[in-house]
Amino acid sequence: MPVFRYGFLLRNLIVRDFKIRYRNMSLGVFWSLLNPLVMMGVLTFIFTKVFPSPSIKNFGVFVLCGLVPYNFFAVAWVSGTTSLLNNAALVKRVRLPREAVPVSVVLANGIHFLIQIGLLLAFVLGAGYGVNPHWLWLPLIFGLEVVFVCGLSLASSAMDVFFRDVRYIVESTNTVLFWLVPIFYSFAIIPEQYKTVYQFNPVAAVVMACRLILLENRQPPFSILWKLTLVSTVALLIGLAVFRRSKRRFADYL
Amino acid sequence: MASAIEFRHVSKIYYRHHTRRFFHRYLMERMRRVPREPFYALRDVSFELEEGGSLAVVGPNGAGKSTLLSLIAGLSFPDEGQVEVRGRVAGLLELGSGFHPDLTGRENLVVYASLLGLSRKELRDRFDEIVEFSGIGDFLDEPLRTYSAGMILRLAFSVAIHVDADIMLFDEILAVGDQAFQAACLDKIRELRRKGCTFVCVSHSSELLKRLCTRGIWLEGGQVVRDGPVAEVIEAYQLSLVAHAHSAGTGRG
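Protein chains in written order, with the working numbering: chain A, 66 to 319; chain B, 929 to 1181.
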């Protein structure tokens, strides 16, 4: 199938997913903004009033730097995982490049991610941090996160067809990750011996890089960048391989 | 003439406990502790359909008709034997698969056309034709949930016949259309057949099949009972139904 055709299909599936989500809702896309804002408010209250962490300035913006990449990761991965089951009629009855199903769902979440990134940048500027040349790294870093989630979702959606438990494993992993990604604490307070492990967690790496760039006006270290690139690429390749291996049997199990 | 579809000793096997499949069960199966109960959805099916041919598939529920279509469409794959299909396949295997009730007819049309493999340019060139053939008219910008089954069929069918497929598959859906639309479909199908398009239809409406197809295959229990001219096969199948009903009736009495 020619690439441009695949592109047209992918584009249509993304738009479809996006439209379905927000049709018949009065607030529409604003839900995309409301969710991180509410979380930001709650976490800021807890960590400035209940458990104050005086070392962190501008806690609201600080926490939003963690929430936006994490939110995208968690929501996109779950919806990617269940995408084949949710579109069972399509996968079973229409001949299409089946990879397009989880990938389009993740990319549709990418639109929300973009909106939330816009929100994040607005807060960053509003808090008085200026624009700096390191911002140019942001597209690469966020792009790698999208690649990573695509890879994970390809693998997990394929497995979810055969074992419906996968969805719950993914959801539990996300709950655990909320604590293991430095969302409401800073990378600096993590004990030295665990720091390397954190760098191999792409979501944590994205959050760290994001804070360095936006809040500290610093170039993200290459150690983070190459680890992020490595893990995302490997995840994508493994995801594609797992998917390719099992997609012939999808129609028999859906 | 070259054959468009060729089945050589094709079997499709399902295993009975697919529904209660857990990881430990999967591991046990892998280690062959649990004997798997095979169920043959198709067993040793062989036939050949030439380019431009039109095949009607009849048989009771669960005979393997839909399995046969999904093998032709390349949606599932045989466990034994070979399936060879030459050309681009477009199938209407279920009414409205790929359609979403909250999207408008127009939006669904675009998505569906790209699902069936139309490029942006091809769709732009054919859009008006598709809409006109469907006869949806003013409803095009209404959400699909306001459509009747017949209107959804019109939209889906209209897209499917405009993708320039070499092989078209229909699973029991044309029956929802009204007389006028069925007549339009028949005309269109005859026109496409003259251009060399191959058709495979599954239906319980023998009238429709006799008008659409020249060849018939009667499936039962996953096996080919009879293969031949459509009228003969349908007649034989219906006779068996009558005989079956009769024996069931006397058996009860």
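Since the hints were derived computationally from the structure, they do not count as laboratory data. Please note that the accuracy of each hint is not assured.
Claimed, not checked - Lysine-lysine pairs mimicking DSS-like chemistry, simulated, CA-CA at most 30 Å apart:
1) B:K1049 / A:K84
2) A:K312 / A:K157
3) A:K260 / B:K1123
4) A:K292 / A:K260
5) B:K1049 / B:K1123
6) A:K84 / B:K1138
7) A:K84 / A:K157
8) A:K292 / A:K84
9) B:K1123 / B:K1138
10) B:K1116 / A:K157
11) B:K1049 / B:K1116
12) B:K1116 / B:K1138
Results for each hint:
About 23 Å separates the Cα atoms of K1049 (chain B) and K84 (chain A), which keeps this hinted pair within 30 Å; it holds. With a CA separation close to 11 Å, the supplied pair K312 (chain A) and K157 (chain A) stays within the 30 Å bound. Restraint check: the Cα-Cα separation between K260 (chain A) and K1123 (chain B) comes to about 67 Å, which exceeds 30 Å; the hinted pair is violated. In summary, the hint linking K292 (chain A) to K260 (chain A) is supported, as the alpha carbons are separated by about 13 Å, within the 30 Å threshold.
Restraint check: the Cα-Cα separation between K1049 (chain B) and K1123 (chain B) comes to about 22 Å, which is no more than 30 Å; the hinted pair holds. Using a Cα cut-off of 30 Å, the hinted pair K84 (chain A) and K1138 (chain B) is violated, with the two alpha carbons roughly 42 Å apart. For the given pair, K84 (chain A) sits about 23 Å from K157 (chain A) by alpha-carbon distance, which is consistent with the 30 Å threshold. The suggested pairing of K292 (chain A) with K84 (chain A) is violated, with an alpha-carbon distance near 35 Å, which exceeds 30 Å.
The straight-line distance between the Cα atoms of K1123 (chain B) and K1138 (chain B) is roughly 20 Å, inside the 30 Å bound, and the hint therefore holds. Proximity of K1116 (chain B) to K157 (chain A) is assessed by CA-CA distance (about 27 Å); at most 30 Å being required, the pair is judged to hold. For the proposed pair K1049 (chain B) and K1116 (chain B), the alpha carbon gap of about 23 Å is at most 30 Å, so the pair holds. The suggested pairing of K1116 (chain B) with K1138 (chain B) holds, with an alpha-carbon distance near 16 Å, which does not exceed 30 Å.
Hint violations for this structure: numbers 3, 6, 8, all remaining hints satisfied.
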